Structure formats: structure tokens, C-alpha cells
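Protein chains: 4
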Amino acid sequence: MADSLKKLTEIALAFRTERDWQQFHNPKDVALSMSLEVAELVEIMQWRNGPELLAHLKANREHVGQELSDILGWVLLLAHDLEIDLPAAFQAKMLHNAEKYPVEKAKGVAKKYTEL
Amino acid sequence: MADSLKKLTEIALAFRTERDWQQFHNPKDVALSMSLEVAELVEIMQWRNGPELLAHLKANREHVGQELSDILGWVLLLAHDLEIDLPAAFQAKMLHNAEKYPVEKAKGVAKKYTEL
Amino acid sequence: MADSLKKLTEIALAFRTERDWQQFHNPKDVALSMSLEVAELVEIMQWRNGPELLAHLKANREHVGQELSDILGWVLLLAHDLEIDLPAAFQAKMLHNAEKYPVEKAKGVAKKYTEL
Amino acid sequence: MADSLKKLTEIALAFRTERDWQQFHNPKDVALSMSLEVAELVEIMQWRNGPELLAHLKANREHVGQELSDILGWVLLLAHDLEIDLPAAFQAKMLHNAEKYPVEKAKGVAKKYTEL
Chain W
1 MADSLKKLTE
11 IALAFRTERD
21 WQQFHNPKDV
31 ALSMSLEVAE
41 LVEIMQWRNG
51 PELLAHLKAN
61 REHVGQELSD
71 ILGWVLLLAH
81 DLEIDLPAAF
91 QAKMLHNAEK
101 YPVEKAKGVA
111 KKYTEL
Chain A
117 MADSLKKLTE
127 IALAFRTERD
137 WQQFHNPKDV
147 ALSMSLEVAE
157 LVEIMQWRNG
167 PELLAHLKAN
177 REHVGQELSD
187 ILGWVLLLAH
197 DLEIDLPAAF
207 QAKMLHNAEK
217 YPVEKAKGVA
227 KKYTEL
Chain B
233 MADSLKKLTE
243 IALAFRTERD
253 WQQFHNPKDV
263 ALSMSLEVAE
273 LVEIMQWRNG
283 PELLAHLKAN
293 REHVGQELSD
303 ILGWVLLLAH
313 DLEIDLPAAF
323 QAKMLHNAEK
333 YPVEKAKGVA
343 KKYTEL
Chain H
349 MADSLKKLTE
359 IALAFRTERD
369 WQQFHNPKDV
379 ALSMSLEVAE
389 LVEIMQWRNG
399 PELLAHLKAN
409 REHVGQELSD
419 ILGWVLLLAH
429 DLEIDLPAAF
439 QAKMLHNAEK
449 YPVEKAKGVA
459 KKYTEL
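Same order as they appear, the protein sequences are chains W, A, B and H.
Residue 24 in the working numbering sits at position 24 of the first sequence, with consecutive numbering throughout.
Numbers given in the working numbering equal positions in the second sequence, counted from 1, plus 116.
Numbers given in the working numbering equal positions in the third sequence, counted from 1, plus 232.
Numbers given in the working numbering equal positions in the fourth sequence, counted from 1, plus 348.
Okay, chain W solo, but in the shape it has when bound (with noise of 0.2 Å):
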């Protein structure tokens, strides 16, 4: 089963290419459409808490495998149409946010980094 970045986003742009679709990807629809695939997944987890949410989303573990797919779906096709180079961004940024919370501070503390 394909694992990388790069073979995942060349299935999106396949499928994209396909459809004659990318005349209706500019970046901000792309984004927005992103925006509602969250929705999507929050919609699963709201009105549950605490366990009962936990046993929900287990239940339903394809559905939210779904909409995880389609805001990665989004993320890549962004990405590749801005010229990013995302797992060298990724990995920058979790550098970047090393240094943001380093762990001496950081460690069991849920707090932005502003307030550490």
C-alpha cells in the first residue's frame, strides 16, 4: 500500500486531472472546502464526550477515516498547487515547534507557547 506524501498526492492529482477539476481548485476554495471536511469531522464528535464519544468514534472509525482522507486529500492538492514541498515543511515545522515549546518548559503543560 502506497505510504508516501509524493504517491498520495499523485492519486489526488489523477483523480483531479481526470475530472478536468483544477480550473475550480484556486486556493482559497481549496481551503475553504478543507474547512468543511473538518467540519464533516467534528460533526461526528458533537453532542458526545468521554467515553461515549471514544465507543462512537471507534464504531465509526471508516466514516472518520473518511474525512480524515479528504482533509489530507486537500492538504496535498494545496500544497502541490503552491509549490510546496511539504514533508521538508513538516519537518521544519516540528523543529520549529521543538524550539516553541521546549520540553523543560513544555512538558504536561497545555499552554500556548506565549504563556510557557
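I should point out that these hints are in silico values taken from the structure, not numbers from a laboratory.
Some chain A residues well away from chain B (every beta-carbon gap over 10 Å; in silico):
id	residue
1	K122
2	P167
3	V225
4	K227
5	K228
Here are the computed lysine-lysine pairs in the PhoX-like style, where the Cα-Cα straight-line distance is at most 20 Å:
id	chain 1	residue 1	chain 2	residue 2
6	B	K238	B	K325
7	H	K459	H	K448
8	B	K290	W	K111
9	W	K58	B	K343
10	B	K332	B	K344
11	A	K223	A	K209
12	H	K441	H	K354
13	H	K406	A	K227
14	W	K6	A	K209
15	B	K238	H	K355
16	B	K239	H	K355
Some chain B residues near chain A, calculated using beta-carbon distances under 7 Å:
id	residue
17	F256
18	L268
19	A271
20	V274
21	E275
22	Q278
23	W279
Note that this is a predicted model, so its numbers are computed, not measured.
Note that CB positions come from ideal geometry on N, CA and C, so glycine has one too.
Given the coordinates of chain W, work out where chains A, B and H should sit on it, guided by the hints.
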């Protein structure tokens, strides 16, 4: 440069484990956090459109890459926490989308499958 | 203190007209801006739950009120720009919801009307 | 037709009380629900821009009014639940915005106050 979902997930998990943050990462707050990162992406595009938007995104490619990375990070962590095989889910979803949007009906048409 | 949608809309419009900002307020960017303000509201609640969340909201009531006001402002402006009679729409929607969620079926049940 | 925040809040509260739904309305799920309604508003605009978007919104004014009403409903309920005086908060926020965006600096300029 690592490019597999598996490897990028490991990087995100290592970051989290070092800071002992898994305790805060209930699915609802993770999905919320994802939506906040999408909002940061959208904010880059606020009040900009057309060629001005494209130029702005090009000039701020690093910032866009950071927000996309943050979104990706939450997608990877949530998939991990809910034991979802994301590469498999993604490829299944693309097949599902291909059925919902058959090329002969969807080509060049920006409509929801329910309206095709 | 003014309390009518009509009067609050006038206040928002006067603010906008003084700054000559109507030119930027296309519906999509206005809806986007609304979503960004909701994100700011959600951010106040990020990583907090239960009694801790309630205490935090109480302690930050002014901040919450600012975000709710920003959201309300965009709702009022968009209704104005699209010539929607918001008080009438609101009351019609509440009647509509009452039909979708009849008391005898919906009482004490947090389910979508499609699942009742 | 009722037009005051006070009266519209009473309508929303009566609807909720009849259905015994207050038990589900913790602030986080309410804010989430608000974000879901904003997503439904945004979805009406997805893939449409310029004159086509405006024509579509005009043709679907009732639908737009429904989504704006749903958003407004959550704003009113959350303000009520957190004991926020929304008309007062709104007017204070507008004064605050007027300070952040003085006319002489902000007129005709779509920039964040931090960039003015």
C-alpha cells in the same frame, strides 16, 4: 527526507511523547485544534483574491507550508490515536469518490455528487 | 442600550462606511471572516474541559463577549448585504426547527432529526 | 416582528427548554455547533465566485437566511449561558474596533490593525 505517513507520524508522536501531551489529546480537542490550524491557513487568504492572492501566497509560501504542516500533524495524530490506517483509508476514499463522481458525469463540472 | 438587530446593524454599517470597507466585503470573505472569529472563540476553549473550562470562561467572560460580538457583527453585515430580513428569517427557522424536532420525539435526545 | 436580542434569545431558550436540551449545551459543543453552521453557510459559496456567486446567493436567499439564523441562535444561547450581556458587549467591541482601526489609518485599507 522522510516522506511516508508512517515516518511523519513517528516524528509527531515522538514530539508529543517527549512533552507528555498525549493526556490532553482527546479526539474532540484534537479535531478542534485541526480546525484552528485551518483557520490560520484561511486567514492568510482573507480579503485577498485573484492575482493578488496568488502573489501573496507565493510570497508567503513558508508560512502556508507551516499551517499545512500543522493541519497534517493533527490528521496524523488523530488517525494514530483512533487506530486508523490512513494510507489505506485514503486510497479507499479515493476509490469511493471515483464512484460518486464518475468521469463521464463529473468532468469539468463543479457540482456535488447529489446534484450530478 | 440598543438591543435590536436593526440598531446593531446600523452601528456595524456606520463603522464600515466610515472606513470605506464595503468594497472588501464580498460574501465569501465575509463568511470566511465569520469562521475566523468562531475559531477565536473556540481557541479560548482549546484543551479545557469540564469545570476547568467553565471557570476559564467565567474568568474570561469579556474576551468571550468580544468574540461573540465579532461573530454577530459578520452575521448582521452579511444579512444586510444579501438583503435578508434576519429577525423574520430567525423566527421562520425556529418554526422550521420545531417541525424537524417535534417535542414528543426530540425531548431529552441529542440526535439529528434524520435519526429521530 | 420581534427584533431585539432579548426577544430572539427568549425564543431560542423556549425552544430548548421544551426539548430539555440544555443538558447537552456545554459551551464547547455549542461553539462547535456554531462552527458547523458557519460551515453550512460557507458550503453554499463553495466553488462559486464573482457574479455567479452573487446570483447564486440571491437565488438561495432563504437558505442563506436559515444558516445565518442557526449561527445567530448559537451566539444568543452561548451569550445567555455564559451570562454575557451581548448588546453591551457588541457596542463595547465596536468602540474597541474603532480604536484599533482609526478612520484616518484604516480608510480603504484591508489590513489587520497590527499592520496599519
